[in-house]
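A.B. asks: Given next are the chains, with one letter for each unit.
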Amino acid sequence: MDKSVRFRTRLENGIANVKILIFHPMETGYRKDKKTNEIVPKHFIHTVNVFQNDDLVMVIHWSRSVSKNPYLNLKIRDCNLGDLIRVSWEDNFDESGFGEVKLE
Amino acid sequence: MQLNKDRRSFIEKVGSLIGLLSLSYLGKISKISLAANNLNSTWDSAAYNKTDFSEALAAIGANRVTPTDKINLKTPEIAENGAIVPLEITWELEATERIFVFAEKNPQPLVSDFIVSPKIEPLIATRIKMGESALVHVVALAAGSFYSTSKEVKVTIGGCGEE
Numbered sequence: 040m041d042k043s044v045r046f047r048t049r050l051e052n053g054i055a056n057v058k059i060l061i062f063h064p065m066e067t068g069y070r071k072d073k074k075t076n077e078i079v080p081k082h083f084i085h086t087v088n089v090f091q092n093d094d095l096v097m098v099i100h101w102s103r104s105v106s107k108n109p110y111l112n113l114k115i116r117d118c119n120l121g122d123l124i125r126v127s128w129e130d131n132f133d134e135s136g137f138g139e140v141k142l143e
Numbered sequence: 088m089q090l091n092k093d094r095r096s097f098i099e100k101v102g103s104l105i106g107l108l109s110l111s112y113l114g115k116i117s118k119i120s121l122a123a124n125n126l127n128s129t130w131d132s133a134a135y136n137k138t139d140f141s142e143a144l145a146a147i148g149a150n151r152v153t154p155t156d157k158i159n160l161k162t163p164e165i166a167e168n169g170a171i172v173p174l175e176i177t178w179e180l181e182a183t184e185r186i187f188v189f190a191e192k193n194p195q196p197l198v199s200d201f202i203v204s205p206k207i208e209p210l211i212a213t214r215i216k217m218g219e220s221a222l223v224h225v226v227a228l229a230a231g232s233f234y235s236t237s238k239e240v241k242v243t244i245g246g247c248g249e250e
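Sequences listed follow chains A and B, in order. The working numbering runs 39 ahead of the 1-based position in the first sequence. The working numbering runs 87 ahead of the 1-based position in the second sequence.
I should point out that these hints are in silico values taken from the structure, not numbers from a laboratory. Keep in mind that a hint or two might mislead.
What the hints assert, rightly or not - To give an idea of the chain B side of the interface with chain A (calculated C-beta under 8 Å), a few residues:
id, residue
1, TYR135
2, VAL198
3, VAL203
4, ILE207
Here a beta-carbon is modelled for each residue, glycine too, at the ideal position from N, C-alpha and C.
Isolated chain A (complex conformation):
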């Protein structure tokens, strides 16, 4: 597990309200670096997988049009105390990250 994924969760009536923040530059490839005046290469997360324990519940595809440090809010049904919400991501540089949180 790395520190790229941060969670805020709330479990209510079996529904987990999950807020996810992923630290990532999400460069469009259109931005110029102010110091070097050179275009910053595009660098963005293209795929995010969301799991409840071992089950994949959602797949998200992003483009470079998603904001820097992407934010995501979703709700998962039939969750229990102690369930793990897990997130993995991959970007166009073949970098990846993973985070998990236990529902309390």
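Given chain A's structure and the hints, the job is docking chain B onto it.
C.D. replies: Quick look at chain B alone, frame taken from chain A:
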């Protein structure tokens, strides 16, 4: 910190899984939607690289799209900073499999897509970048048909060339 066996094995699993492009896990959901609608469930570079909205729609297979009030898109009417435009999407369509988000005038209009399993409550919120004022379209694939709702967002400072 207690690392139990299950958790450790999961982390190892995720490591190899990422290496394999998550294909085995992706398969669980993608097989269902692939069978239902022939959509590619990996990152669809053809659709994401289209520079024209109607071409991007065609690339996801949405040749016929029905406007609906069963999708609700909440956005600010005026986004001062195009680098951060918050969206909240809710829907009441039965058997929704996938939600697509387009910013019509972005250099590549397809912004994001969400493949939802039945475990997902019909709500997604995220933040996108917009280069200029434009219509934001949410297109849902539900029971094999495409439905959409749209909303104009005025952007004061464009967000594509910024952070």
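A.B. asks: Next step is simple, just say for each hint if it's right about the structure.
C.D. replies: Evaluation of the provided hints:
1. TYR135: holds (5 Å)
2. VAL198: This interface hint holds because 4 Å falls under the 8 Å limit.
3. VAL203: It holds, given that the least Cβ distance between VAL203(B) and chain A is near 6 Å, below 8 Å.
4. ILE207: holds (6 Å)
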